[in-house]
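Sequence order for the protein chains is Y and B. If you want my numbering, it's the 1-based position in the first sequence plus 306. If you want my numbering, it's the 1-based position in the second sequence plus 1082.
Hints were generated in silico from the structure; no laboratory data involved. Source: prediction; values computed, not measured. Glycine residues also receive a C-beta, built at the ideal position from the N, C-alpha and C atoms. Heads up, some of the hints might be wrong.
[Claimed, not checked] Once the Cα atoms are required to be at most 25 Å apart in a straight line, the calculated DSS-like pairs of lysine-lysine come out as: (1) K481(Y) <-> K1313(B); (2) K1118(B) <-> K331(Y); (3) K331(Y) <-> K312(Y); (4) K1513(B) <-> K465(Y); (5) K465(Y) <-> K478(Y); (6) K486(Y) <-> K1118(B); (7) K449(Y) <-> K1118(B); (8) K1118(B) <-> K1091(B); (9) K1091(B) <-> K319(Y); (10) K455(Y) <-> K1399(B); (11) K481(Y) <-> K449(Y); (12) K312(Y) <-> K1091(B); (13) K1091(B) <-> K1313(B); (14) K319(Y) <-> K1313(B); (15) K455(Y) <-> K465(Y); (16) K478(Y) <-> K455(Y); (17) K465(Y) <-> K449(Y).
[Stated by the list, open to error] Covered stretches of chain B (chain Y as the covering partner; in silico rule of three or more C-beta atoms under 8 Å from a C-beta of chain Y): (18) 1114-1121; (19) 1376-1389.
[Unchecked claim] From the derived model, a few chain B residues whose C-beta atoms are all more than 10 Å from chain Y: (20) R1098; (21) S1109; (22) G1297; (23) T1423.
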Amino acid sequence: MIEDKKIIEGCLKHDRIAQQWLFDKYSRQMLAWCMRYAGSREEAEDILQEALVRVYFNIDEYAGRGSFAGWLRRIVVNAAITHYHRNLKYRHQVNIDDYKVADSSFMDDDDCQFTSDELMGVLNELPPGFRMVFNLYAIEGYKHKEIAKQLNIDQGTSKSQYSRAKALIRTKLDKLAMEKRKPPTEKE
Amino acid sequence: MVKKKKEDKILRDLFRNGLEGVGVDPSPSFHRALMKSVRRGEFFSFIPSKFNVWYAGLIAVAVAATTLVLTVGGDKEVAPPEQPVMESVAVTSVDSLSVGSMAVGVAAPVVDAPIVGEGEPMPELAGVPATTEEKSPEPVSSPVTAPKGDEEAEVGISEQKVDTTPSVVAQTLPIGLATTEKPSIRSVAEPLFTASTYKGCLPLGVSFTAAAAEGDSYRWSFGDGGYSSDKDPEWLFDEEGEYEVTLKVFRGNEVTASFSSTITVYPRPVARFEIMPEEAIIPDDVITFLNYSTGALAYNWSFGDGGGSQLFEPTHKYSRYGNYDVTLVALSEFGCGDSLTLYNAFSKSSYSIEFPNAFIPNQSGESGGYYTDSPAEIDRVFHPVYNGVASYQLRIYNRQGMLLFESNDLSIGWDGYYRSHICDPGVYIWKVRGTFINGEPFTRMGDVTLINISE
């Protein structure tokens, strides 16, 4: 693995090799971050491209401020927010069934494990607004005030979107958990 | 039923932990599309090392200018290779060729420079203005000499090609050249100054020491807007970044030596945290420490009871009540740290014990101190109002310090009698000690006025 310092020095000069190093070292992780914000793989790659271009052209802004991966992450989140604003016109209808409460919750089951693919899938299915708020609040640790600023919404809207996102996520996870618990024979 | 706050935390943890460290491969065509975008962006930006629209423009201008000059006046020589930093030096021809190890303006890779061994007769080589060996290898970041507005300087190449005309370095002056009066540009193969430190955490104080140089005045530029004309200045960098510190030594108005070095100042992370739940009751509650630090990579928590953690957001259960100081140390990848301590981080438990400041004992005789909450009796017996008390010992003293009454039973207070006689009205001292049901001990003291209605 190439040292971050070398990568940054090279990228500052727009050295192609250093840019390649950066890509090799971080693009997988960055794409995973993008996928949390996207509804599809294509969308995620759009966000990633935007993010990487920003990284290459603004790498002078890094200047050792904290961890490099942390800086990359912030760039990705900002690119995701920009992407979100650009695509606001795509509305998503939430099915009332989506909110139905399952008989039991995955939270009561200590053995229940979800793979990262399953979690990613749940995120992908969310309406973009819910997904964005959930990501920013629960994963990136933004406060509602900050989220409101970034997304141009009310703080109250952010809070209610967050709690609805949670409810929706919980429902989906409950369903998923139930399906996983079905004994294999039933599926045949 | 899972509590709401726990549900929130479960979901957050699930996603945070479940998605951390995951990687997804970009599709095969992604990189190509990315590079196309990058190249296009570079063409339209001002980047010295890449051919871009500015270069294209400059070349066009240069070509136009050259043709103009050539057609208009023939005399002027356009001699690009000579970028004299000092006009005076440029003139030297015979004097020129330095002998010996110090070549002009070439930093570390001095190896190329000396074509001539020491003592070799000068004049033979005089004709060659030593342009050949003086093209210093490109990425020499240290020597920054003042460009004189050449074309190339306009383009802002930071790796300045130091002038190619050789100049004389004092130490290696061959006999014939002793007469030179032109100030020489000191080679920068050895640093012109040293710094007490080249990297560090904000704020960074650095002492600079200039090596002896020919000249009588110094001008330092610290790269953050600060200047000094001391020989050995001290400077405090109070913002993070990389700073190019340059020293120029002057004799009169002319620069005799110049050197630059980079100082790197790392930012300090900011340690910030919150305790959840806000009104935590210990040791009952499981405490979560929420981490709002910025710029940090590693964390070191100290919970105040001897326990600690290096997790980002740990949880902890205290085994007994106490006044705990919680400290978080946040560290950046450069080893810079910040810490935050919350003293007595946990509010007192909601348990309490309080006494009134007056009471009216029953005239009809001692009651033994038993009391009820009925309005008729409520202030007949001196007793506490409390919550969560496990054990207690109450003592009543008169103002002379004599012990009049003691009770170890919460249901028994003082009826105002001593040895079957009602006590005189006045002020008495009470003192109580005990423990709450969570183990927290308490001690209280106060005075109470005994009121005698019959008076």
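Non-conforming hints, listed in increasing numerical order: Failing hints, ascending: 1, 4, 6, 7, 8, 9, 10, 11, 12, 13, 14, 16, 20, 21.
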